[in-house]
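The primary structure of each chain is shown beneath.
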Amino acid sequence: NAGVTQTPKFRILKIGQSMTLQCTQDMNHNYMYWYRQDPGMGLKLIYYSVGAGITDKGEVPNGYNVSRSTTEDFPLRLELAAPSQTSVYFCASSYEGRGLTEAFFGQGTRLTVV
Amino acid sequence: KQEVTQIPAALSVPEGENLVLNCSFTDSAIYNLQWFRQDPGKGLTSLLLIQSSQREQTSGRLNASLDKSSGRSTLYIAASQPGDSATYLCAVSPGANSKLTFGKGITLSVRP
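Sequence lines, in order, name chains A and B. Residue numbers for the first sequence follow this note's numbering, so the first one is 10 and each next one is one higher. Residue numbers for the second sequence follow this note's numbering, so the first one is 79 and each next one is one higher.
It is possible that some hints are incorrect.
[Unchecked claim] Heads up, simulated DSBU-like pairs for lysine-lysine below, C-alpha to C-alpha not over 35 Å straight-line:
1. A:Lys-66 x B:Lys-79
2. A:Lys-66 x A:Lys-23
3. A:Lys-18 x B:Lys-79
[As the list claims (entries may be wrong)] Covered stretches of chain A (in silico footprint by chain B; criterion: 3 or more residues with CB under 8 Å from a CB of chain B, positions within the stretch not fixed):
4. 44-55
5. 112-118
Worth flagging that the hints you see were computed from the coordinates, not collected in a lab. Every residue gets a Cβ at the ideal spot worked out from N, C-alpha and C, and that includes glycine.
Please work from the sequences and hints to get the whole structure.
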């Protein structure tokens, strides 16, 4: 099993450009999440999804969009990149059922907006 | 709003020491608490998950305890090794999901 896979690993964007961060998981998890991690800070939740077709905002959703058309994939879209979006982005998934809620994380995407 | 605190931010110990990493949270109404390890430039690896009804969990040289009423958790690492050097993050969830609130982490350095 590959677990949670994120692409790309690194990206440099210019202000105003757009991009999609890809995330896929092969564990048949129903819940998926996007977090961002800024230097010296804990991770903050951007968006999450409880299943295909269902998404909801987390703590810091402004400037981002998500979709969940399949169980496996949960892409994160940045429409107009801003320097404040320079961060490391982590995708995670978990299986919610019978109280099993352990989260598994991808390796991260390091994004720099210049 | 839930807040998770991990103090100190950094810790350096000689190899072989037993050590305790602390985590505190402000809202005791949590569903579970999870400890993660993060190596530089890498993702998060889950170490231990404690359900709110549990008091502790063990995995190898690691033992995590939870005192929900006082809003505290500790991660005990026995006989520390240089390979344990990493950042350790504590996170709590309010319900049966992984909408986690994270602490800022403790960066551990184990000196040979």
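Go through the numbered hints given earlier and state which of them the structure violates, listing their numbers in rising order. Going through the list in order, the structure violates no hint and respects every one.
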